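Novice: Sequence:
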Amino acid sequence: MTPAARQAAAIEILDRVLAGQPAEQALTRWARASRFAGSGDREAVRDLVFRAIRQRRSVQALGGGARGRAMVLGMLRADGLMPDWTGTQHSPAPLDEAEAALLATPLPQLSRAEAGDCPDWLLPHFDAALGAEADAVLALMRDRAPVFLRVNVAQATLASVQSELAGEGVETRPHPLAPQALEVTANPRRVRNSAAYREGRVELQDVASQAVAGALAAHLMPGTRVLDYCAGGGGKALALAAAGMVVSAHDADPARMRDLPERARRAGASIAVLPGRAQGLWPVVLADAPCSGSGSWRRAPEAKWALTPERLDELCALQAQILRDGATLTAPGGVLAYATCSMFEAENGTQIADFQSQFPSWTLEETRCLTPLDGGDGFFLAILRQEPARAG
1 MTPAARQAAA IEILDRVLAG QPAEQALTRW ARASRFAGSG DREAVRDLVF
51 RAIRQRRSVQ ALGGGARGRA MVLGMLRADG LMPDWTGTQH SPAPLDEAEA
101 ALLATPLPQL SRAEAGDCPD WLLPHFDAAL GAEADAVLAL MRDRAPVFLR
151 VNVAQATLAS VQSELAGEGV ETRPHPLAPQ ALEVTANPRR VRNSAAYREG
201 RVELQDVASQ AVAGALAAHL MPGTRVLDYC AGGGGKALAL AAAGMVVSAH
251 DADPARMRDL PERARRAGAS IAVLPGRAQG LWPVVLADAP CSGSGSWRRA
301 PEAKWALTPE RLDELCALQA QILRDGATLT APGGVLAYAT CSMFEAENGT
351 QIADFQSQFP SWTLEETRCL TPLDGGDGFF LAILRQEPAR AG
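The opening residue of the sequence shown carries number 1 in the working numbering; numbering runs sequentially from there.
Derived from the structure by calculation, the hints contain no laboratory data. If you're wondering where the values come from, they're calculated on a predicted model, not measured in any experiment. A few of these clues could be false.
Have a look at the derived ranges for each label pair, beta carbon to beta carbon [claimed, not checked]:
#, residue 1, residue 2, range
1, S270, A93, 57 to 67 Å
2, H219, L318, 24 to 34 Å
3, A218, R112, 30 to 40 Å
4, E24, D253, 42 to 52 Å
5, A78, A331, 46 to 56 Å
6, E133, A252, 45 to 55 Å
7, A195, D120, 40 to 50 Å
8, R67, P119, 31 to 41 Å
Here a beta-carbon is modelled for each residue, glycine too, at the ideal position from N, C-alpha and C.
Throw the hints in and build the complete structure from the sequences for me.
Specialist: So, in structure tokens, the structure goes:
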């Protein structure tokens with residue numbers, strides 16, 4: 001496919017996304033209907049589509065409209081490129097007079113929110129959480145996230161995995177945020193087909209997520225029983241198991257954990273997946289609560305544009321309930337760890353302050369606030385400990 005043909009494909013897919021179709025679904029349907037597109041073409045089209053979604057506000061402003069064609073035109077304009085659109089050989093139709101006139105004008109001065117590709121209503125949330133770093137974080141979030149691996153040190157070393165992956169064309173380097181982390185610097189799409197991945201020597205896991213699991217593990221002794229209360233796909237459960245903890249996984253939607261048994265088997269880890277409601281008292285409860293996902297919007301950019309003030313309020317109410325539920329499951333003297341992949345204060349520090357005001361017997365032992373400036377996703381962790389039960 002020519003560059004113009006790839007741009008035409010991106011336009012078609014973006015129009016479907018703007019009409020409400022999930023991006024992954026739209027890409028899959030396009031690929032199935034476009035057997036002529038090779039793997040390189042599919043990757044290039046995918047990159048164009050997700051860049052346009054991440055940079056939706058700025059490319060729409062630069063392209064002069066809210067449709068797929070305008071967004072692709074906006075990306076080209078931002079890159080200082082003139083479109084080679086002829087309407088032939090799968091190319092988009094030639095520029096019309098309005099588009100040609102737009103490209104002949106200097107780039108406009110974008111608003112701060114447009115330049116940062118941020119909804120206007122969310123800008124105060126970023127400012128409140130990040131202060132002077134807000135614009136730098138927003139700038140990083142306009143581009144794709146790095147790919148990170150967690151080395152399963154029960155099976156291999158960082159050096160051996162690096163060498164093995166390099167033999168399959170996947171280049172990596174260690175990352176200082178987590179001791180088992182490797183950042184993929186070349187050919188990330190080959191990871192899933194590598195022997196190291198298939199055989200459980202590495203897992204795909206963001207470095208900030210690894211750092212959060214590591215920070216919790218540092219408070220615990222090997223062999224400690226941990227309830228991962230909102231386990232989802234189980235990345236942190238696997239990391240804690242690799243650190244020597246005895247982990248049980250629970251999720252309000254058990255379907256989210258469907259891949260966990262196979263992931264655990266591949267990693268050689270023993271994780272009990274709880275089939276129903278979590279019960280009893282646990283020495284440690286990890287509540288990685290549902291959230292806005294603002295720290296991971298580089299990976300899931302559609303969520304940035306779908307979030308509303310009403311949905312954020314709903315999430316905050318749910319997080320508060322999860323904290324209360326986690327507290328009832330934590331044994332006296334035990335640890336309750338609260339985590340989100342959000343950078344918003346309403347979902348993080350405010351939740352902990354409100355919880356402690358309602359439950360003063362809990363002491364805050366540690367907090368960690370990570371942003372893309374640290375290298376990975378944005379993450380928050382608070383480690384709380386309940387006072388031991390008093391005798392008689």
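Novice: Please check whether R67 and P119 have a Cβ separation lying inside 31 to 41 Å.
Specialist: violated (19 Å)
Novice: With respect to the beta-carbon atoms only, verify the hint that S270 and A93 lie 57 to 67 Å apart.
Specialist: Taking Cβ atoms as reference, S270 and A93 lie about 59 Å apart, which means the hint holds.
Novice: Cβ-Cβ distance between A195 and D120: within 40 to 50 Å?
Specialist: holds (48 Å)
Novice: Quick one: are A78 and A331 within 46 to 56 Å, going by C-beta?
Specialist: Holds - the Cβ-Cβ distance for A78 and A331, about 55 Å, lies within 46 to 56 Å.
Novice: Can you tell me whether the CB distance of E133 to A252 sits inside 45 to 55 Å?
Specialist: The hint (45 to 55 Å, Cβ to Cβ) is violated, given that E133 and A252 are roughly 33 Å apart.
Novice: At the C-beta level, are A218 and R112 separated by a distance inside 30 to 40 Å?
Specialist: holds (38 Å)
Novice: Is it true that E24 and D253 lie within 42 to 52 Å of each other by Cβ?
Specialist: About 19 Å separates the Cβ atoms of E24 and D253, which means 42 to 52 Å is violated.
Novice: Could you see if the CB distance from H219 to L318 stays within 24 to 34 Å?
Specialist: holds (25 Å)
Violated hints, in rising order: 4, 6, 8; the structure is consistent with all others.
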